[in-house]
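Line order of the protein sequences matches chains H and R. Going by our numbering, the residue at position 51 of the first sequence is 52; the numbering climbs one at a time, nothing skipped. Going by our numbering, the residue at position 84 of the second sequence is 852; the numbering climbs one at a time, nothing skipped.
No lab work stands behind these hints: they were computed from the structure. Hints are not guaranteed to be accurate.
[Stated by the list, open to error] Distance condition first, Cα-Cα at most 30 Å in a straight line; then the derived BS3-like pairs of lysine-lysine: (1) Lys817(R) / Lys837(R); (2) Lys16(H) / Lys58(H); (3) Lys826(R) / Lys881(R); (4) Lys881(R) / Lys98(H); (5) Lys98(H) / Lys836(R); (6) Lys18(H) / Lys58(H); (7) Lys58(H) / Lys98(H); (8) Lys881(R) / Lys817(R); (9) Lys826(R) / Lys837(R); (10) Lys881(R) / Lys58(H); (11) Lys58(H) / Lys826(R); (12) Lys836(R) / Lys826(R); (13) Lys58(H) / Lys12(H); (14) Lys836(R) / Lys817(R); (15) Lys98(H) / Lys837(R).
One-letter residues, chain by chain:
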Amino acid sequence: GAGVSQSPSNKVTEKGKDVELRCDPISGHTALYWYRQSLGQGLEFLIYFQGNSAPDKSGLPSDRFSAERTGGSVSTLTIQRTQQEDSAVYLCASSLKGESSYEQYFGPGTRLTVT
Amino acid sequence: AQSVTQLGSHVSVSEGALVLLRCNYSSSVPPYLFWYVQYPNQGLQLLLKYTSAATLVKGINGFEAEFKKSETSFHLTKPSAHMSDAAEYFCAVSARGNTGKLIFGQGTTLQVKP
């Protein structure tokens, strides 16, 4: 079956611009996660959605970052007024349930470059 | 707070040699532990996970890992390296009964020499 897909695969933007990154999880997966992979910080958790519950936003680095998940499926991560330190690969993952025992399936990521 | 430490950012082995990638965790209670592999320009793929059943966990591609509570370790091994094993490997921890969010180590790049 189809895995987790993300778009775009690459995004180059100018400092100060807003960007939107999209994630399509595996059908039927109720949990969705965003992670960021950067040279300086490694792999870090950003935000987690589970069904209709309030998201866990504890990993968002600043208020320029926000995310939503519409209809319990597709998710969009928005970065406002991008900065050069936002350059990273943004990974999305989904799992059947938001519990540690359930495997997370990762998408290929969106590589964001802020110039 | 939980954390994961991977010893060695780069490991180089010869084809056919033993692969040993080290991972130590810090957690107040035994967590769930994971090893992921990332090939260039791809997402992460789960190799194996420890969820408190057997302490020796077998995964895909011939990899296995042993959970040692006394050493707070979860090292990844493979008896004989293949060229196709060259990739970046991440150890991760997740708290039991939590949301499932993963805390990752810094990663280890495995190089396999012919």
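Comparing the hints with the structure gives:
With a C-alpha separation of about 15 Å, the suggested pair Lys817(R) and Lys837(R) falls inside the 30 Å cut-off, and the hint holds. Distance restraint check for Lys16(H) and Lys58(H): the Cα-Cα separation of roughly 24 Å lies within the 30 Å cut-off, and the hinted pair is therefore satisfied. The straight-line distance between the Cα atoms of Lys826(R) and Lys881(R) is roughly 24 Å, inside the 30 Å bound, and the hint therefore holds. Between Lys881(R) and Lys98(H) the alpha-carbon distance is near 40 Å, which puts this suggested pair outside the 30 Å criterion.
With a CA separation close to 27 Å, the supplied pair Lys98(H) and Lys836(R) stays within the 30 Å bound. Restraint check for Lys18(H) and Lys58(H): satisfied, since their Cα atoms lie roughly 22 Å apart, inside the 30 Å limit. Restraint check for Lys58(H) and Lys98(H): satisfied, since their Cα atoms lie roughly 17 Å apart, inside the 30 Å limit. Only pairs whose Cα atoms come within 30 Å are accepted, and Lys881(R) paired with Lys817(R) is accepted, the gap being roughly 27 Å.
Note on Lys826(R) and Lys837(R): the hinted pairing holds, with a Cα-Cα distance of about 17 Å set against a maximum of 30 Å. A C-alpha spacing of about 42 Å is found between Lys881(R) and Lys58(H), which places the hinted pair above 30 Å, so the restraint is violated. Distance check on the hinted pair: Lys58(H) and Lys826(R) sit about 34 Å apart at the alpha-carbon level, beyond 30 Å; violated. For the proposed pair Lys836(R) and Lys826(R), the alpha carbon gap of about 15 Å is at most 30 Å, so the pair holds.
For the given pair, Lys58(H) sits about 23 Å from Lys12(H) by alpha-carbon distance, which is consistent with the 30 Å threshold. Under the criterion of a C-alpha separation no larger than 30 Å, the hint pairing Lys836(R) with Lys817(R) is consistent with the structure, at around 14 Å. Taken as a hint, the Lys98(H) and Lys837(R) pair is honoured in the structure, with Cα atoms around 27 Å apart against an allowance of 30 Å.
Of the numbered hints given earlier, the model fails hints 4, 10 and 11; all others are met.
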